[in-house]
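According to the UniProt record's numbering, the stretch in the sequence shown is residues 1 to 88, in order.
The set of hints was computed from the structure by calculation and includes no laboratory data. Only a predicted model underlies this, so the values are computations on that prediction, with no experimental measurement involved. You may find that some hints are simply not true.
Claimed, not checked - The following label-pair restraints were derived from C-beta to C-beta distances:
#1 Ala-72 - Ala-18: 27 to 35 Å
#2 Asn-39 - Ile-85: 12 to 20 Å
#3 Ala-59 - Ala-18: 17 to 25 Å
Just so it is clear, CB atoms sit at the ideal spot from N, CA and C, and this is done for glycine as well.
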Amino acid sequence: MARLELNSTDQLAGGSGATSDILYELGVMYAVGRDVEQNLIEAHKWFNIAAFRGSESAARYRRELADEMSSADIAAAQRQAREWISLH
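Sequences and hints are given; from them, build the entire structure.
Structure, rendered in structure tokens:
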């Protein structure tokens with residue numbers, strides 16, 4: 001994810017409130033491996049949830065991540081996002 005830099009959480013964007021911002025930040029954490037092990041499936045999941053909540057930046061980064069992921073990984077991330085949304 002070449003264009004997403006570690007400090008990109010300083011540029012929170014698109015979200016309709018603090019919830020989408022927090023979800024976006026979780027995506028960033030997993031995408032770059034900040035304070036967690038880097039995990040593109042988790043990153044895609046959190047960006048997907050944040051995009052569902054209105055974050056345009058999350059939708060953009062989700063698309064970028066998808067270019068680096070296998071179809072199976074994308075499907076797993078989407079499944080996890082749907083499960084999380086249905087529970088919350």
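A quick look at each hint next to the structure:
| no. | hint | in the structure |
| --- | --- | --- |
| 1 | Ala-72 - Ala-18: 27 to 35 Å | 33 Å, holds |
| 2 | Asn-39 - Ile-85: 12 to 20 Å | 19 Å, holds |
| 3 | Ala-59 - Ala-18: 17 to 25 Å | 18 Å, holds |
Of the numbered hints stated above, none is contradicted by the structure.
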